[in-house]
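Q: For the protein sequence lines, the chains are A and B, in the order given. Residue 239, in numbering that gives the first Met the number 0, is where the first sequence stops; the numbers in between run on with no holes. Residue 239, in numbering that gives the first Met the number 0, is where the second sequence stops; the numbers in between run on with no holes.
Just so you know, not all the hints are guaranteed correct.
The list makes no distinction among identical chains, and a pair is therefore deemed to hold if it is satisfied within one copy or across any two copies.
Subject to a maximum C-alpha distance of 20 angstroms in a straight line, what follows is the list of computed EDC-like cross-link-like pairs (lysine to aspartate or glutamate) [unchecked claim]:
#	residue 1	residue 2
1	Lys130	Glu181
2	Lys163	Glu138
3	Lys56	Glu137
4	Lys163	Glu137
Hints are computed from structural coordinates only; laboratory data are not their basis.
So you can see what is in the structure, the chains are spelled out below.
2 protein chains.
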Amino acid sequence: MTLIENNNLHLSGNKTGVILVSGGMDSLVTAAIAAKQYKLAFLHINYGQRTQNREMKAFNDIADHYKVSERLTVDVDYLSKIGGSSLTDKSVKVTKADLEFNGIPTSYVPFRNANILAIAVSWSEVLKAEKIFIGAVEEDSSGYPDCREVFYNAFNKIIELGTKPETNIMIETPIIHKKKSEIIKIGAELNAPFELSWSCYQNEEIACGECDSCVLRLKGFNESGIKDPIKYYTYPEFIQ
Amino acid sequence: MTLIENNNLHLSGNKTGVILVSGGMDSLVTAAIAAKQYKLAFLHINYGQRTQNREMKAFNDIADHYKVSERLTVDVDYLSKIGGSSLTDKSVKVTKADLEFNGIPTSYVPFRNANILAIAVSWSEVLKAEKIFIGAVEEDSSGYPDCREVFYNAFNKIIELGTKPETNIMIETPIIHKKKSEIIKIGAELNAPFELSWSCYQNEEIACGECDSCVLRLKGFNESGIKDPIKYYTYPEFIQ
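Bound conformation, chain A alone (with noise of 0.2 angstroms):
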C-alpha cells in the first residue's frame, strides 16, 4: 500500500465511514485502513474514564494527522454513573494485568461498545455514512463479550430493522481476528502515527506499562519487532 494507491483510491470513492477513535492503537490502525477507501468521519465517547482528557488529545491528534473535518466526541457520562467497571467506578480497583486470566476483567463496562455503536448509527443515518468502522479485536481483548464477531454481526441486524428502509448501515471490524502484533505491522505498512495514540487505562502523562492496555501493547510491539514510540513508566518484565 503506497501513498499514490491512498490517494487514487480517495479520489474515486469519497462515501462516508465513520469510525470509532478511542484514542488507542487498535482505533488508529482501523483508521488508517479505512481511510484507503472512505472519507473519514471520526466519533470520539467520553465515558468517565481516568484518562478522558488524554484520550481526548489523542483523538485529536490522529483526526488532524488524516485532515478529518467531521469530528463528534459524545460525553456518556451515565455509564459512569451506572458503574460497574473500574474504568469509570472509583469504588472499583484497576487490575494489573493477568494475560492467564480467562474470565471478564474488572475493566467491563457493562454492554459499552452497544452504547457506543447505537450512538455511531444515529451519527452516521445523518451524516448518511455507509460504513462503522471499529477496531474491536476479538482473541486479544480481555475477553469483553461486546467484542466479538459475532456480537457486531448481531447488531448489523438490528441496524438493518431498526433505521430508514433507505438507511444502508454496516458495522466494518476490520481487524477483529488480528493479533496486536499483526496489527502494528499493518499499521507500519500504511505509516499509521502510533506516536499520536494513547492505551493507558491509569496514567495520563506517562503510561503506566502496567494496566491490561500497557502490557499488551507492549506485548504485541514486542513479538512485531517494532519499537513502540510511546514511553512507560515501568515494563513488564518480557522486555529487556
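Given the coordinates of chain A, assemble chain B onto it according to the supplied hints.
A: Below, chain B alone, put in the same frame as chain A:
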C-alpha cells in the same frame, strides 16, 4: 386484576424489572402491567426534546405513585447534537398530525430506541434486573422502524451476546400489538394514573391537541369511551 392480587404477586416475586418511563401513557400502562410481577426500577431519558421538563415531572409523579425508589435519569443530549429530528433539532418543524401519512414522520430520532435500550441494558446488568419493559406500540406508532417487534427480538439477541454469561436480561413489550384504545382500557383496569402522564410533543403546560402524539392519544381515549383526564388547548375535529 384487583389490588390484592397485585400485592400477592409483589410478595412472591421481587425480581427487578427496569421500565422505560417517558412519562407518556404507553409507558405508564407498561409500568402498571410490570408492577404485577416485578419490583420496579424506572429509567427516564432526556434526549433534548422540547418537552423535557414536563416529561421529567410526569416520570417522577408516576414513580411516586408506584413507590419506586430505583430511579435513573440519563441525559443523551448528543441526540440533539446529532440532529435530524423535529423533536430535537429546531431547524426541523414539528409536523401537524396526519394519520393517513404512511412514511416516517419528522419526529423520528435516528435509531433512538437502540440508544435507549443500550442504556437500559447497562443499568439492568448492574442492578441484576431480568426484564426491560418498554411501552412500544407497533401498529399505532407512526411507523418508527425501531418500534417494531422484530427490532426488539433482534435486540434480545445482542443482549444475550453482548453481556456477561451469567446475565439474563430480556426485553418485554407487553403492549406492542395493542391499539391505543386497548392500552387505555388495560390501564383503566389497572388503575393507572393517566392524569399524571404527559404525551404532547409541543407544549409543557396545556397539551396542544395538534401534534401526532396528542392526536393519537385523543383518538385512543375517544375510541375506548374513557375520558382523558388531562386538558388540551384545542381538540381535533373527531372529538365533539
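Q: Would you mind marking each hint as holding or not holding in the structure?
A: Status of the hints after comparison with the structure:
no. : hint            : verdict
1   : Lys130 - Glu181 : neither (23 angstroms within a copy, 41 angstroms between copies)
2   : Lys163 - Glu138 : between (34 angstroms within a copy, 16 angstroms between copies)
3   : Lys56 - Glu137  : neither (26 angstroms within a copy, 44 angstroms between copies)
4   : Lys163 - Glu137 : between (30 angstroms within a copy, 15 angstroms between copies)
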